[in-house]
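J.: Sequences listed follow chains V and X, in order.
Mapping the first sequence onto our numbering, position 321 (from 1) lands on 315, and the numbers just tick up by one.
Mapping the second sequence onto our numbering, position 299 (from 1) lands on 293, and the numbers just tick up by one.
Note that these hints are calculated values from the structure, not bench results.
Just to be clear, a hint being listed does not mean it is correct.
No copy is singled out in the list; a pair is fine if it fits within one copy or between any two copies.
Stated by the list, open to error - Lysine-lysine pairs mimicking DSSO-like chemistry, simulated, CA-CA at most 27 Å apart:
#	residue 1	residue 2
1	Lys492	Lys502
2	Lys101	Lys492
3	Lys120	Lys502
4	Lys360	Lys294
5	Lys257	Lys147
6	Lys147	Lys132
7	Lys461	Lys492
8	Lys573	Lys502
9	Lys492	Lys120
10	Lys120	Lys211
11	Lys377	Lys299
12	Lys120	Lys484
13	Lys101	Lys484
14	Lys101	Lys502
2 protein chains.
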Amino acid sequence: MYRSHTCGELRASHINKEVTLAGWVQKSRDKGFVIWVDVRDRYGVTQLIFDEDRTPKELLEKAKTLGREFVIQATGTVIERASKNSKMETGAVEVLVTQLEILNQAKLPPFTIEDETDGGEDIRMKYRYLDIRRNPVKESLIFRHKVAMEVRKYLSDQEFIEVETPYLIKSTPEGARDFVVPSRMNEGQFYALPQSPQTFKQLLMVGGMDKYFQIVKCFRDEDLRADRQPEFTQIDCEMAFVEQDDILNVFEGLTRHLLKEIKDVEVAMFPRMLYDDAMRIYGNDKPDIRFGMEFGELNKVAQHKEFKVFNDAELVVGIAVPGGASYTRKEIDKLIDWVRRPQVGALGMIYVKCNEDGSFKSSVDKFYDQEDLAKWAEITGAKAGDLICVLSGETNKVRAQLSALRMELAERLGLRDPKVFAPLWILDFPLLELDEETGHYHAMHHPFTSPKSGQLELLETAPGEVKANAYDLVLNGNEIGGGSIRIHDKEMQATMLKHLGFTEEDAKAQFGFLMDAFEYGAPPHGGLAFGLDRLVAILGGQETIRDFIAFPKNNSGRDVMIDAPAAIDATQLKELSIKLDMDA
Amino acid sequence: MYRSHTCGELRASHINKEVTLAGWVQKSRDKGFVIWVDVRDRYGVTQLIFDEDRTPKELLEKAKTLGREFVIQATGTVIERASKNSKMETGAVEVLVTQLEILNQAKLPPFTIEDETDGGEDIRMKYRYLDIRRNPVKESLIFRHKVAMEVRKYLSDQEFIEVETPYLIKSTPEGARDFVVPSRMNEGQFYALPQSPQTFKQLLMVGGMDKYFQIVKCFRDEDLRADRQPEFTQIDCEMAFVEQDDILNVFEGLTRHLLKEIKDVEVAMFPRMLYDDAMRIYGNDKPDIRFGMEFGELNKVAQHKEFKVFNDAELVVGIAVPGGASYTRKEIDKLIDWVRRPQVGALGMIYVKCNEDGSFKSSVDKFYDQEDLAKWAEITGAKAGDLICVLSGETNKVRAQLSALRMELAERLGLRDPKVFAPLWILDFPLLELDEETGHYHAMHHPFTSPKSGQLELLETAPGEVKANAYDLVLNGNEIGGGSIRIHDKEMQATMLKHLGFTEEDAKAQFGFLMDAFEYGAPPHGGLAFGLDRLVAILGGQETIRDFIAFPKNNSGRDVMIDAPAAIDATQLKELSIKLDMDA
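Please build the complete structure, drawing on both the sequences and the hints.
T.: In structure tokens, the structure reads:
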């Protein structure tokens, strides 16, 4: 061992002890007659001291050669520090060095290894191993480990078994694109990397392994939006002989346990809300309920006058912005510009100032009197001093627009406190989703989700209205997980695949093994999956997941540190029976 | 929840309780007036009873329709069993059923779901989900989970951090073949799946994360020998600021912990043996030391007579087979045939019977007298009643042959007791290995392994003699893990890659990021990896790993259950900018 103690360990109680430390030079201050060197490892920083009186000249000279990030080993005596540093855990002491080894030299790093660095995103990604030396990244990775360990302990204690499912599986065109892997031994054939272990966990249920979990990498070859990774980690779970409530209870218990153990936050029963209600009240299936600003639907009280914009709208809906009555005309104009941005897409915004004296001032005073506006205030819950923002149009669109505005305003008003945790179950998601481009319905969750009991017949007549036994767990406005009760009957699964546009042949080719399995005694089952990257980031009070991933890829799916992907040898291609087919 | 209790839970203390069970019909016995149905879940089996006296007729009729592996839910009263079954944990009671639901029917399974099944390997692989219902497979998967949890707990308690390294990395032609993944977003480029997280864990050390571990899938596109899988799981570890002994101590501690926690076996300090000694004493770098039969080298006492075979041999070496003097001529001839098989490859075998009266009878009495043979007995440790088997020839070959014979005899003699655990460290492996085909040396462990101090200069003059800071942990004749102290100096790494035949350009293209990292303050570091599949199998007292993997692939790398790999769509190929290049 190169050290007797870590750099985070020494205290006043160690004074007069001989110790050996090893680590990186954080910084050194050379006053000529005395040199202080801060040495850092994973556990902390300790100050070394060399001085003319007590240090041999040769050693003092050696200390002068130390540069930032040199790797050193120093032996010496722990002494009391003349001027203690109460901000450092080791700040009561320093080490008077008697032996110094330079274990490795270091070039000047391309950015400072400090909590606040001068390095931009790109350079930090390229030198990720240096970025990991910085406390915020290092602590994020350690935090992730702790969360994963707690998940495993909790689920193991509840008799869940972690089972490793295969990574080399079969491609299914359904859903997102697969990454594929050419098979050398099976010419012209490909494996696919799993988008999730979905079918395998269902087969484990058929196999009687009635409580399964796995923390597992999954892969999706998507065009990457910001903060998406081609490989990501799921906490994947499945249970047999359970109903929806049993699953919600177990994973609510897990989440509550994590909040308690990791954040020391106690949360009571998680509220449960129907999907339809979430859309009506928040315009969003993953509402942030750390704050109010609930939607008030105004059709009844806004479509009786001559204001054509509202009269033609499918939905007129508003929110009350706390304290917004004090916004200047300019500020409100900026807000209107904000909702008109293409990313939001509203055509305009009507507003009502709720004055402190109880009167109202709106941008549609021409059409609506004080009595009308008082009703709007009542429905949106606006109080004196608030601003009511009203959007109108096609229901789905206007809900999305107002939801975006609600989140933006909450952000500006500081209502999204990262120290507050507001979990929420959303239940009864639609089974199917209309693809506006193709006019086809596809599975909102996945093709194995069961419709709510008694709704199967609706599939023929009103497919968009069928609700599923599907649920999401939302935390602070982020979906951290979702799942469903699965179909466990071969006939129903066949019907579902038919409705999703699979020919009988395709269904058999892709999911034949699952439907076969359903014939040999499949139990009722269901499950869910949490996104670990996101969960960890939210528990860590962050919005972006990248710092919680040791070696993330950039938005083009590249690892810029190792420079992957890359070209491969012609012989490799030949062995795999493939060749490149590049556009000219 | 479909059940109030599991099928393994009910005891005499539950008598008169109303319970609901759910599970699979293991078997039913219909005596006409009474029907017993054994219902099984993951936790055990419970007997249900329906009879004419107490069961409504309709329910009795329904019970008669139950087939093997039907999924049922039964509610009833726990009653005392007339004839108790002490072999069943629930054998004191049965459930008098009052309600029966058939949750799912089942076709007759293609093999019996019993501890001893009539299903062959192929059919069990195809219906793996049914095989998992069988106790031996189910228990193996649960056992694997327990081992993995204990590993995680132990290493976490020692401040190791589990860090997830990426699966989509870069291909390196060194070592085994990579599986590659075409990148859609980076035309003509490929990711590779990791053969191990080797370079990433070294970068984590450069990043200051000084105790890393990960239980992680790795991938090798090899022609599969029996009991190898294209994807396999490693317990991967790395530490910084340590020497070889520190690493051995930590992972010896882990292994000892597993043996104690999982098998309730206490093992003292693991013996440590040099590679050269292991080869000399056991002819093998992973000797099974549960039994003796150590090699005795006989050159000095066998090359002084007229026996040309021995005189021409580089090595003459024998082992003593306990009790082998009683073998008949026919048995010994069979043994000679066995060593002559092409898989072993010896040209012949000389034997000496050590008679109970102290005399010797050998197949070379023509050349050697009793005094000679007494010396052989002394050197091989043969006692009266033993048989000495002697092989001769080229050192490496004859050691391998005698090692094979030693293992075979131990197997036949019942000396390889799966309940005994004999771990052993092998140290100081050669750094390089000669490829007999190409005449080139390649890294025996991998190109990042450091040579033993002071041996670097030997690289030029006698590359085969350079020893490495490399070690294996052997358990009962199986290598369960290995590792090394790594190079952490850029110059030494460059020298090593040069000696392994890398051009400077290739070295930079493939490992440039690692050598760059070594310039920014790389600490001394090293680590090791255990093969989890093998470790679990050995701890479970088994020789084959397949039952400890939920969904294994066959020897052609196929998953016969889901039928992967498979052809993919033309559009998928097009998007990936590749096309098939099949032989005509």
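J.: Now tell me, hint by hint, if it's right for this structure.
T.: Hint by hint, here is what the structure shows:
When the C-alpha separation of Lys492 and Lys502 is checked against a cutoff of 27 Å, the pair qualifies only within one copy, where the shortest distance is 11 Å, while the shortest distance between copies is 53 Å. Within a single copy, Lys101 and Lys492 get their C-alpha atoms only as close as 63 Å, which misses the 27 Å cut-off; across copies the closest is 23 Å, which meets it. Proximity of Lys120 to Lys502 under the C-alpha cut-off of 27 Å is restricted to the inter-copy arrangement: shortest distance 16 Å between copies versus 45 Å within a copy. With identical chains, the CA atoms of Lys360 and Lys294 are at most 27 Å apart within one copy only, with a shortest distance of 18 Å there and 117 Å across copies.
Taking the shortest Cα distances, Lys257 and Lys147 sit within 27 Å of each other both inside one copy (17 Å) and across copies (21 Å). In this assembly of identical chains, the alpha carbons of Lys147 and Lys132 lie at most 27 Å apart whether taken from the same copy (23 Å) or from different copies (21 Å). In this homomeric assembly, Lys461 and Lys492 come within 27 Å of each other (Cα to Cα) only inside a single copy, at 18 Å, whereas the closest approach across copies is 64 Å. Taking the closest pair of Cα atoms, Lys573 and Lys502 come within 27 Å of each other only across two copies (26 Å); inside a single copy the shortest separation is 30 Å, beyond that limit.
Taking the shortest Cα distances, Lys492 and Lys120 sit within 27 Å of each other only across copies (26 Å), while inside one copy they are farther apart (48 Å). Taking the shortest Cα distances, Lys120 and Lys211 sit within 27 Å of each other both inside one copy (23 Å) and across copies (25 Å). In the homo-oligomer, the alpha carbons of Lys377 and Lys299 lie at most 27 Å apart inside one protomer (24 Å), although the nearest pairing across protomers, at 113 Å, exceeds that limit. Taking the shortest Cα distances, Lys120 and Lys484 sit within 27 Å of each other only across copies (18 Å), while inside one copy they are farther apart (50 Å).
For a Cα distance limit of 27 Å, the shortest separation of Lys101 from Lys484 across copies, 12 Å, qualifies, whereas the shortest one inside one copy, 64 Å, does not. For a Cα distance limit of 27 Å, the shortest separation of Lys101 from Lys502 across copies, 18 Å, qualifies, whereas the shortest one inside one copy, 60 Å, does not.
The structure agrees with every numbered hint stated previously.
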